[in-house]
Amino acid sequence: MLTAPTLAQIESIVHARIRAVLAERAGEVGRLSGADKLSATLGLSSLDLAFLVADLEAELGVDPFAKLVSITSVRSVDDLVRAYQQAFFPELQLRGEDDAVAAAVKRAHTRRARRERS
Amino acid sequence: MPQSRKVALVSGGSRGLGAELVSGFLDRRYGVATLSRTKTPFITDMLRARRRGHFHWSAVDGRDHEALRAFVKEVGERLGRIDVLVNNAGIAMEGILSTMRTSEIVEAVQVNLTAALVLTQACSRLMLRQGSGCIVNISSVNAIRGHSGVAVYSATKAALDGMTRSLARELGPRKIRVNSVAPGYFDSDMVSHMAEEQKQRIARRTPLGRLARIDEVASAVHFLTSEQASFITGQTLVVDGGITC
Chain A
100 MLTAPTLAQI ESIVHARIRA VLAERAGEVG RLSGADKLSA TLGLSSLDLA
150 FLVADLEAEL GVDPFAKLVS ITSVRSVDDL VRAYQQAFFP ELQLRGEDDA
200 VAAAVKRAHT RRARRERS
Chain B
117 MPQSRKVALV SGGSRGLGAE LVSGFLDRRY GVATLSRTKT PFITDMLRAR
167 RRGHFHWSAV DGRDHEALRA FVKEVGERLG RIDVLVNNAG IAMEGILSTM
217 RTSEIVEAVQ VNLTAALVLT QACSRLMLRQ GSGCIVNISS VNAIRGHSGV
267 AVYSATKAAL DGMTRSLARE LGPRKIRVNS VAPGYFDSDM VSHMAEEQKQ
317 RIARRTPLGR LARIDEVASA VHFLTSEQAS FITGQTLVVD GGITC
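In order, the protein sequences belong to chains A and B. Everything in the first sequence is counted per my numbering, starting at 100 for the first residue and increasing by one. Everything in the second sequence is counted per my numbering, starting at 117 for the first residue and increasing by one.
These aren't lab readings, by the way, just hints derived from the structure by calculation. Using N, Cα and C, we set each Cβ at its ideal position, and we do this for glycine too. Careful: at least some of the hints might be erroneous.
Here are the computed distance ranges between Cβ atoms for each label pair [claimed, not checked]:
1) B:K315 - A:A119: 55 to 61 Å
2) B:L213 - A:A207: 56 to 62 Å
3) A:Q108 - B:A208: 47 to 53 Å
4) B:A208 - A:A207: 56 to 62 Å
5) A:Q108 - B:G196: 52 to 58 Å
6) A:R213 - B:Q246: 36 to 42 Å
7) A:S111 - B:D331: 49 to 55 Å
8) B:I212 - A:Q108: 55 to 61 Å
9) A:S144 - B:E332: 36 to 42 Å
10) B:K315 - A:G160: 48 to 54 Å
Please work from the sequences and hints to get the whole structure.
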């Protein structure tokens, strides 16, 4: 990917790759929720997650788990999405310290992305 | 230049066993990538002779993790895939542990072990996406039997064997095989410092009565990376003329 993706694009790409992994295993895949637990809800193994990270690195050109984020902190679909969003938008790292500020930053990015699309 | 032929990455392919493996994989019509700290006459010859995009070399210091990762990325882009990784690069480190400099211990661990882990991590990502791959770690009989004066070297090689077994379990479900080859003493730069008497003593203790030829060690690697070894993973193949039996 030559230009930095928007937050919404990152979310969409991560969801698509998760669905692809699930589809490879079980065929039909329903709607994903951000709160879905990668292991407990979706049944992804550590190796599935490693595959996902390799796949996303190839698609997005970044690996947030090399230095930025610990893979053990990723439990849900949203956690995974956020890790990649942080790789492109480091200011989102505020989330752990101040969720409200980070959420505001995320909303601002979403608004900006919407403006750019229209 | 992505290609249809299989691709092997051999660390430390500028001399000795690494160079033998590079030649062997090229003969078997693999695309081959190798890294070493310096360009040897062998590398110069290979670069001159293999002009059609099937051979790639870069000067990389195994202690530079970012450079190792960048090399793997470059190989993936140039050759399109990585089917085989041979963690061959290593340094001999001899001396009584209690009198060894800490910097020597650290260097041996970095070159013999950490570099292999970093290379394997980077290559395994490509292999995971491919859904296939084969990794061979060059271990040593020193990982199996204790010998005075090689505690650090033995530790790094035994660690490689541990990595082999764990990774075989970890990556097996994605059809990636991981094995070790543990050579005994063979004619190479690593034994060139030995006195002739010392080599003869080793030969006398070896049931087959001699040191290995380098091609005999390379053959074990080629076997493990071949289809003939398609159900072998997590194993250490000892190529030592029987010295550890």
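Status of each hint after checking the structure:
1. B:K315 - A:A119: 55 to 61 Å: For K315 of chain B and A119 of chain A the Cβ distance comes to about 56 Å; the hint holds.
2. B:L213 - A:A207: 56 to 62 Å: Holds, at about 58 Å.
3. A:Q108 - B:A208: 47 to 53 Å: Roughly 51 Å apart at Cβ, these two residues keep to the hinted range, so it holds.
4. B:A208 - A:A207: 56 to 62 Å: Hint holds: Cβ distance 58 Å, inside 56 to 62 Å.
5. A:Q108 - B:G196: 52 to 58 Å: 27 Å, violated
6. A:R213 - B:Q246: 36 to 42 Å: 38 Å, holds
7. A:S111 - B:D331: 49 to 55 Å: The hinted range 49 to 55 Å holds for S111 of chain A and D331 of chain B, with Cβ atoms some 53 Å apart.
8. B:I212 - A:Q108: 55 to 61 Å: This hint holds: roughly 59 Å between Cβ atoms.
9. A:S144 - B:E332: 36 to 42 Å: At 40 Å between Cβs, range holds.
10. B:K315 - A:G160: 48 to 54 Å: With Cβ atoms ~51 Å apart, the hint holds.
Of the numbered hints listed earlier, the single one contradicted by the structure is hint 5.
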